[in-house]
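We have chain A already, so just place chain B on it with the hints.
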Amino acid sequence: MELQAVLMAAGGGSRMMELTYNTHKPLLPVGNKPLIWYPLNLLERVGFEEVIIITTKDVQKMLTPDRLKLDGKMKLDVVCIQLEGEMGTADALRHVQQKIKTDVLVLSCDLITDVALHEVVDLFRAHNASMAMLMSKLHEFTETVPGQKGKKKAGEQRDFVGVDATGQRLLFMANEADLEDGLTIRKSIMCKHPSMRIRTGLLDAHLYCLKRCVVDFLVENKNISSIRGELIPYLVRKQFSKSVNLPNNKDEVEMSQKMEGQTNLEILGSCKDEELLRLTQERSCWNDHHGDMSEAYHGGKVRCYVHIMEDGVCYRVNTLAAYIEANRMVSAPKLIEDPPIHPSAVISECTQVGADSIIGASCQISDKTSIKRSTVGASSTVREKVKITNSILMNGVTVEEGCNIQGSVICSNAVIGRNADIKYCLVGSSQRIEPDGECLTQAVSCNLF
Amino acid sequence: MADADETSKQAERNTNVGDGIAVKKQDIARAKNEGKELTKDEKQRLRKEKKQQKKNKKDDKGESEHENVPLPPSQAVVQCQSQKAPSVAPSLALTPVSVCTSEKPAKSKAEQRAERRARQEADRAAKGKKGESAQQPPSGKSKAPPNELQPVVKRLPEHVQVDDPAAVRKLAKKLERQQIPVRSEYGYKVSLFSHLHQYSRKAPLTQQISIPSTVIHPYIVRLGLQYSQGIVAGSNARSIALLHAFQKVIQDYKTPPNEELSRDLVNKLKPYISYLNQCRPLSASMGNAIKYVKKEISNIPCLCKEEEAKKQLLSCIDNYIKEKITLAATTISAYAIEKISNGDVILVYGCSSLVNHILCDAFDKKRKFSVIVVDSRPRLEGREALRRLVKKGICCTYVLISAVSYILPEVSKVFLGAHALLANGYVMSRVGTSQIALVAKAYNVPVLVCCETYKFCERVQTDSFVSNELGNQYT
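Chains A and B, in that order, give the protein sequences.
Going by the numbering used here, the first residue of the first sequence is number 1, and it counts up by one from there.
Going by the numbering used here, the first residue of the second sequence is number 1001, and it counts up by one from there.
Excised from the complex, chain A in its bound form (with noise of 0.2 Å):
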């Protein structure tokens, strides 16, 4: 088996704890389905047989196969794990490291793209690199965001991610929270590649392909917490730091491995590098770099690979804005295959529902009615005289008559009583709003803890 599908569905998704209070982050409605629909959906249509889910117990009750609405016969083998301890990404996986027995492609539940995978993949294959990932120009949210006064300031901080001249090959990657005076680039980085780009305006997609010498350096070195926190950069780095001599015998790597208090990544990957891909290198006529005296790859063992997407679909849903934005964007019909209006919604002859909206399973959506640019959820029910813009409602919503709700987000189960106006609001789940009630630019919801 070449690659071994892994998705992280742990996350609390602390940066929308708006929506998440209620319902967890991978069950959250996107376009009418889950949130890990899409993840799962892109392995599928890929042609992955097989993923392993890591997530809490609570989402693993709900991650049957018809909740899901997954077509294929892909296998899911779902792995619980406690929330207490604050996992991170790179412990979960040393979690589940003796199922894993190749390569591994690690996916967040929060990815929603369409990317050609083989991209990534056959840069991970064809350089026999340590780690290839995805990243995608990062697009700026134009829709104002429920709940929330004024501008959002950058709240988000940026990635700095340093590429070669053919855009491939991943040569520096800081976090702005890392950096506390500059940026500072390594001598060393600058003698080898002396022609650089760094960008900032990136999204990293949490794709990565990672050899499986890296999930056995992950195993022995238990201070890496989060995969795109701590290896990532690790991983970077390493790419440039003085490469050990290989030792001629098993003494002097123990040795070496002692004073160093920590295993060496190369030693790992390299024991495994055979004499015979060696040879080939020795005797291709191909190198990545020319002006160099130095051979291909400049002789290091580890090496780190990055596509770009330039154009195309890809968000990280993990904040409210992000959440809005998704939902407008999966109404294209690249990523749903499904009509945006269910065959088992009842929808009256007289509303007026819009092309580019997704009405849900056993909606009864009542007379004069209009949606536009809205998503409504599955056993909705929306009665007369409602007006729906540029909205999204959740599951088992009830919208009384003549309501007006604009650029805000309904949570499930919530009520909205007759004749309420509702702007920019984002409503918790199982709220009511008051008959006449007039919501603008607010979060309605229980307290949160």
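Since the hints were made in silico from the structure, they are not lab data.
There may be inaccurate statements among the hints.
Claimed, not checked - Which stretches of chain B does chain A cover? Using the computed rule of at least three CB atoms under 8 Å from a CB of chain A, they are: (1) 1215–1228; (2) 1384–1394.
To be verified - Think about it this way: if two alpha-carbon atoms lie no more than 16 Å apart in a straight line, the pair counts; the simulated EDC-like pairs of lysine to aspartate or glutamate are: (3) Lys1392/B <-> Glu282/A; (4) Lys1322/B <-> Glu295/A; (5) Lys187/A <-> Asp216/A; (6) Lys1391/B <-> Glu282/A; (7) Lys99/A <-> Asp164/A; (8) Lys1392/B <-> Glu295/A; (9) Lys1202/B <-> Glu274/A; (10) Lys75/A <-> Asp58/A; (11) Lys1392/B <-> Glu274/A; (12) Lys1391/B <-> Glu295/A; (13) Lys1305/B <-> Glu1259/B; (14) Lys1248/B <-> Asp164/A; (15) Lys1391/B <-> Glu49/A; (16) Lys192/A <-> Asp292/A; (17) Lys1248/B <-> Asp338/A; (18) Lys1248/B <-> Glu295/A; (19) Lys101/A <-> Asp1252/B; (20) Lys1322/B <-> Glu274/A.
By construction, the Cβ of each residue, glycine as well, lies at the ideal position given by its N, Cα and C atoms.
Leaving out everything else, chain B in the frame of chain A:
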């Protein structure tokens, strides 16, 4: 130098590019060819009696064909430099080969050919048959369908029949049966090469394979990618990489119940070979390696246990690499170093792993020489050769192929690497090699071609248009 003298003497006798073989061998070769003709003639006589009508029609076409043929040197000069594919170099001065083989077959000269042609035409005129198209593979331009001559001539390989829709369909069906994706072709094709595949570079083959590839072994997918992206390039490197991948396949192989390893494993390898062929046409060295592996697999006794069989196969592959590639390189290098004297200026073309090995060895043995590296676009492989030689400490000069005639007066020897050696003595190598050899001949500089025996193949090809590998026309 003795070689140079011999070469010039031969040059006087024959108007073509020089060879260094004695007269005796030429006679032997001629006799052999004649003998072959007669027996073939007899066979053809019998068959033609059955197919007389069709032959009469084709006779006129056939006669005119043969007048074009006895001009090998001029044909050879017309090299398409825009291709980045191997071309045929009809020049061959001396070929130091590994100890296992005997002398090289003599290269036929135009005079001998002309005599033979005259004899054949006389025979044909006397018997009213055309038979000699059997001698040469039909060129890409001729319309004579190979189906006609099926009993006499082997069928054309599929990769040079791209303009025949039946052949293309057959290939597609075969690939479908093996579950290998078919590579898409360019919309607009160059009509001169319409008989060859012109693949589009935009849609890689891996797009159509499922990502944890189940049909094709992951190592083979990786190898295919490396071939198509040029990461593994050069005939030796490709063969070693192929054998390494086969080792992995054999290690991971499990005999299904009720099957024999010796038969099933060969069938397992067939789709992989088709896939690799789609990624990049197989080289002659790879073809020979595959034949060897298949032979070894079929020779496994049926009572052998799976573990033992696998171990045996793995060690066979290791031995093959050790003998045919590594040891051959050492032997050729030992022989070639004798030809290098102090103060030599050696010209090399492109990046040949064997020639680089020889030069590095010679430098280690304290010979004093300098090297001129000739390079050509679009691959600019000479940069890599230059880097390796300079890293070793050898004094190098770097020129592009357009400057070769300016620099040749300073050169004392030319070392060339080969991609394959054909059965009629022709050397197949990177495009531009025959140019170098011709210019060297014009300046009376001896040319040495270095080639391991596992690159010898039974094919015969007289020009580089018939069968070739095309590059991307837009880069």
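Going down the list of hints, with the structure as the test:
Coverage of the segment 1215–1228 of chain B by chain A holds. Counting CB-CB distances below 8 Å, 5 residues qualify, and the rule asks for three or more. Coverage of the segment 1384–1394 of chain B by chain A holds in this model, with 5 residues showing a Cβ closer than 8 Å to a Cβ of that chain against a need of three. With a CA separation close to 14 Å, the supplied pair Lys1392/B and Glu282/A stays within the 16 Å bound. Restraint check for Lys1322/B and Glu295/A: the C-alpha separation of about 24 Å exceeds 16 Å, so the hint is violated.
For a cut-off of 16 Å, the pair hint linking Lys187/A to Asp216/A is broken: about 30 Å separates their Cα positions. Of the pairs offered as hints, the one joining Lys1391/B and Glu282/A holds, with about 14 Å between alpha carbons and a cut-off of 16 Å not exceeded. A threshold of 16 Å between alpha carbons decides the hint, and for Lys99/A with Asp164/A the separation of about 35 Å lies outside it, so the pair is violated. The hinted pair formed by Lys1392/B and Glu295/A meets the criterion: a straight-line CA distance of about 13 Å does not exceed 16 Å.
Between the alpha carbons of Lys1202/B and Glu274/A the distance comes to roughly 32 Å, so the proposed pair goes past 16 Å and is violated. Between the alpha carbons of Lys75/A and Asp58/A the distance comes to roughly 19 Å, so the proposed pair goes past 16 Å and is violated. Between Lys1392/B and Glu274/A the alpha-carbon distance is near 24 Å, which puts this suggested pair outside the 16 Å criterion. Note on Lys1391/B and Glu295/A: the hinted pairing holds, with a Cα-Cα distance of about 10 Å set against a maximum of 16 Å.
Of the pairs offered as hints, the one joining Lys1305/B and Glu1259/B holds, with about 13 Å between alpha carbons and a cut-off of 16 Å not exceeded. Restraint check: the Cα-Cα separation between Lys1248/B and Asp164/A comes to about 32 Å, which exceeds 16 Å; the hinted pair is violated. A C-alpha spacing of about 49 Å is found between Lys1391/B and Glu49/A, which places the hinted pair above 16 Å, so the restraint is violated. Among the hinted pairs, Lys192/A with Asp292/A is consistent with the structure: their alpha-carbon atoms are about 8 Å apart, no more than 16 Å.
For the hint pairing Lys1248/B with Asp338/A, the CA-to-CA distance comes to about 43 Å; that exceeds 16 Å, so the pair is violated. Straight-line distance between C-alpha atoms of Lys1248/B and Glu295/A comes to about 26 Å, which puts the hinted pair past the 16 Å bound. The straight-line distance between the Cα atoms of Lys101/A and Asp1252/B is roughly 14 Å, inside the 16 Å bound, and the hint therefore holds. Among the hinted pairs, Lys1322/B with Glu274/A is consistent with the structure: their alpha-carbon atoms are about 15 Å apart, no more than 16 Å.
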